[in-house]
Structure formats: structure tokens, C-alpha cells
Amino acid sequence: MSAPASPPVVVDAEPLPRQEEVLTGPALDFLAELHRRFTPRRNELLARRTERRAEIARTGTLDFLPGTADIRANDSWRVAPAPPALQDRRVEITGPTDRKMTVNALNSSAKVWLADFEDASSPTWENVILGQLNLTDAYAGRVDFTDARTGKSYALRPQEELATVVMRPRGWHLDERHLKGADGEPIPGALVDFGLYFFHNAARLLELGKGPYFYLPKTESHLEARLWNDVFVFAQDQLGIPQGTVRATVLIETITAAYEMEEILYELRDHASGLNAGRWDYLFSIVKNFRDGGPEFVLPDRNLVTMTAPFMRAYTELLVRTCHKRGAHAIGGMAAFIPSRKDAEVNKVAFEKVRADKDREAADGFDGSWVAHPDLVPIAMDSFDKVLGDRPHQKDRLREDVHVEAADLIDIGSLDAKPTYAGLVNAVQVGIRYIEAWLRGLGAVAIFNLMEDAATAEISRSQIWQWINAGVEFENGERATPELARRLAAAELEAVRAEIGAEAFAAGHWQEAHDLLLTVALDEEYADFLTLPAYRHLTG
151 MSAPASPPVV VDAEPLPRQE EVLTGPALDF LAELHRRFTP RRNELLARRT
201 ERRAEIARTG TLDFLPGTAD IRANDSWRVA PAPPALQDRR VEITGPTDRK
251 MTVNALNSSA KVWLADFEDA SSPTWENVIL GQLNLTDAYA GRVDFTDART
301 GKSYALRPQE ELATVVMRPR GWHLDERHLK GADGEPIPGA LVDFGLYFFH
351 NAARLLELGK GPYFYLPKTE SHLEARLWND VFVFAQDQLG IPQGTVRATV
401 LIETITAAYE MEEILYELRD HASGLNAGRW DYLFSIVKNF RDGGPEFVLP
451 DRNLVTMTAP FMRAYTELLV RTCHKRGAHA IGGMAAFIPS RKDAEVNKVA
501 FEKVRADKDR EAADGFDGSW VAHPDLVPIA MDSFDKVLGD RPHQKDRLRE
551 DVHVEAADLI DIGSLDAKPT YAGLVNAVQV GIRYIEAWLR GLGAVAIFNL
601 MEDAATAEIS RSQIWQWINA GVEFENGERA TPELARRLAA AELEAVRAEI
651 GAEAFAAGHW QEAHDLLLTV ALDEEYADFL TLPAYRHLTG
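The opening position of the sequence shown corresponds to residue 151 in my numbering, with each subsequent residue numbered one higher.
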């Protein structure tokens, strides 16, 4: 048996109130062992991503894996049955783990709350640590609070009325710079978020009749799912939690993972709960992987790529087919609309779009779907109630009518829509506004009546990059160029200054956000994730 790893060291972080409740000696020892055992494999898998991207650039295509054909052909295996708390997932609300959101999400009447340490959370030290405290406090029934600004009090409903928490740690690519192992290297954010949550809450959740449930983001292959499974096995053994207690739902939000859905479920089969159609990151992944694939891979404005596009239909229908074939839940995508209290007509139109989206998902066989605001919970609930009735899910709908070929998933050229000048303007606006908020510690941001997170910012900057490098010409005759992007970005800064006033503008991170967007959108060397360079600018 190897000697235990030395505990991690906290660096470059101002101590926070109650931080010691999270970073206890035993919790740090647990993180150290996770880091020692699993970070080297994480590093190897990140290198494998780079190799695979180079292969995509060389061949211009993707296919189902020949080496795992036997797993796909074997009809006998299923994932473990869902625990009672995850049987009914017809509506899930997403959001960061700040104190107010914790209460509102748990009280929202949604079946599940995706408690997000990833795309909806800017990874400041405060958000990382206090987010953990908020969840622990919620399970102990002590998360009630009063908003100092409004005076409004927030209190949790009885435990039996609260949404079930499914926690989303950061993706494998992100490090936590404030925690370094004995080797002097930062610990992966995924292991920090998972480790602290599991260590402090697994046993307590079992007492409450639930368990440690997770969403796994940015997965690109079944080998990455295998790594997560090994983490779960070790963590359960280490803390004396029964094997199979952990349940994981994997976001199929990368184009490479779409070709390995069955293999991903197979690797996690003792811990798998389902797959989710993460539509925004999925589009970002297509642009990233096929960014130099020629005109047939140039996506139009993100809002013009609806879920009825043929390649998106292929993706979602294959996901439902795969999940139900293997006994797993299929969870639909995000309704990102934020209701407006000022414009009833805007609300009416948006609610109709949300309803149509959720009606389609329920009719297609999904077992549940996401919303970003409590006011959307009843709309989504109604869509699934009409199809499910009293049943908790519709996994008996095997969708054997679905037949998806490898080429169908990347048939971008079948789209009629083209990039527009207005789409470029919107990409610049959303990119600057989101990055500025992220640098202030906000990960979920309302912009133009939509709840934006890191995934939509990724699409924005990636489309700017792709359109410029593809030499796209817009309907007004202008061509996508670095000069045009810079001109639009400068105009957006002036528009924001006029909108919020000189004092608020000076107090923000607007110039920094402007510069960061142009860096990740215009540099010849494409950054895999904008949050990697942005993290170097994040204070706290």
C-alpha cells in the first residue's frame, strides 16, 4: 500500500467566513488522495483530446468507434435502476449555488435542481467554497436568510417538498489554482468540487433518503467516463459508502461524445442515471472541432439553429433511443428565457416558444427537461404531465424507429440558414457582456431576456472566429473580418457606457472583457475554452 498523500495547500486565497468547515483536515486528505490517484490519468486524457482534434482536422469527419462495436451490439446490458429520488425528473431547474438560488431552486417545485459549479458559476474562491457551504447548510435545514438589499426573507419548504439536488462539478479541463497538491500542481476543479461535496454530504444525503448525484460536463469520450467511474468506486470505498450509491448523468454536449453514448453509459453502468442533451455546448463543440472543415461546417447564427434542424434531430433522437435501450433517463435541453415583469407581450411569445420546445421533447420520448427560471417550471411540467400522466418517466418508449448514421450527426450543410450581420453583432454583444459579468464572479447572467452561461459565450466567440476564418460574407455585403469585429466591439463598449453610466462603467471590467473577447475570437491559435485564459484574469 502506498503512503498517504500530503494534504493540499491553499494558496493565493483570502480566508472566507466558515472556510474551515469545508477545508477540514480529513476533507483535504481526501482531496490529496483523489489528486494523487487520478490527476495523471486526467492529464493523459486531455492530451488525447488534442490528438483526436488533430485527427478530425485531418479527416474532416467522425464515426462510431469500431473497437467498441461489441458493446453497442450487446443488447443484454442495462444501467443500474434509478434510485427513488431520481425516478421522476420531468422538470429540472439549473443555476449556481449562491444562497438565494439555493433556496429558490429547492423551493421551485421542479423535481431536480442542477446545482452548478460549472458553466453557471464563475470559479472565484468565494463561489467554490461558499457554494459548498450553501449545499451543506441546505441539507441541514439552515439555509434560510434575508436579502440585505430588499429585506425579503427566504426559507426552505419541508424536506419532502424540495427538489432533488444533482450537483455539476467543473469539467476535466479546468484546474483549481487555489489548491495545490504535494507535487506543487493545482488540483483539477472537477476533483475539488466532487471531492468536497461527496466528502461532506454523501452520508447525510443517504439519511435523507437521497444520495450523492452528479451531472458530468464536457465529457468527450468513454475513457473520460471510465475515469469518473473509477473516481466514484474509490470515493465510495474510502468513505464507507455502499458501492452504486453515486448516480451520474452525463451531458452529451460534445460532438465526439455523441458518437460514444452507449459506451459512456456502459463505462458508468453501475453509477449511470441518464444522458442530457446539452444543446449550447454541443453547438460550440461542433464549431470547435470542425472550425477549419470548410464551408459545409459553417454554422449560422446560434438562434437560427433550432432543435428541429436535421443534425440536431439526429442527435436528440439518438440520445433518447440510446438511453431507453439501456434503461437510462433521457433529459432534454435548456429553456433559457427569463420572464420580464415589464413586457407581457414578450412573455407571451417566449412562453409559447418554451411550451412548443417542451411539448416536442416530451413527444420525442424525453423523460424530463431543463429550465432556467422558476416561472418556467409550470410550463415545462404541463408539457411532460400531458405525456407522462402519473408515470415517472417513459423509458418504455424504446424509439426503435430511430436510425441515425454517423454522417447524420454532422450534416451541417443541410441547413438553409446562413450567418447574418445581426448574428455577428449579437455574438459580440453577448460575448462582452457575459465575460464582464464572469470576471465579477457571476456565471449565470441575464442578457437580452435570456439566461446566458459560459456555453453561450463559447458559441459567441467561436462563431466570430469561424466566420472570420471562413471569410463569410453577410447579407448586407460586409465580410467577416478582424477589423469588423473590432469595430463592433468598440461600438458595444460605447453602448454599454451610455446604457449604465460612466461611473458604473468605470467600476466594471468592461475594457478587460472587450480585450479578452477579441483575444479568444481573433487569435490565430484557437483557445480550447475561453474560461482558460479568462481564469487568469479572475480575481478572488
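What the hints contain is simulated information worked out from the structure, not anything from laboratory work.
Misleading hints may appear alongside valid ones.
[Claimed, not checked] The list that follows gives simulated cross-link-like pairs (lysine-lysine, DSBU-like), each with its CA atoms no further than 35 Å apart:
{"no.": "1", "residue 1": "Lys475", "residue 2": "Lys492"}
{"no.": "2", "residue 1": "Lys498", "residue 2": "Lys568"}
{"no.": "3", "residue 1": "Lys475", "residue 2": "Lys503"}
{"no.": "4", "residue 1": "Lys302", "residue 2": "Lys475"}
{"no.": "5", "residue 1": "Lys568", "residue 2": "Lys302"}
{"no.": "6", "residue 1": "Lys302", "residue 2": "Lys492"}
{"no.": "7", "residue 1": "Lys536", "residue 2": "Lys503"}
{"no.": "8", "residue 1": "Lys536", "residue 2": "Lys475"}
{"no.": "9", "residue 1": "Lys250", "residue 2": "Lys475"}
{"no.": "10", "residue 1": "Lys250", "residue 2": "Lys568"}
{"no.": "11", "residue 1": "Lys568", "residue 2": "Lys492"}
These numbers come from a predicted model, not from an experiment.
**Asked** Which numbered hints are broken by the structure, listed smallest first?
**Response** 1, 4, 5, 9 and 10
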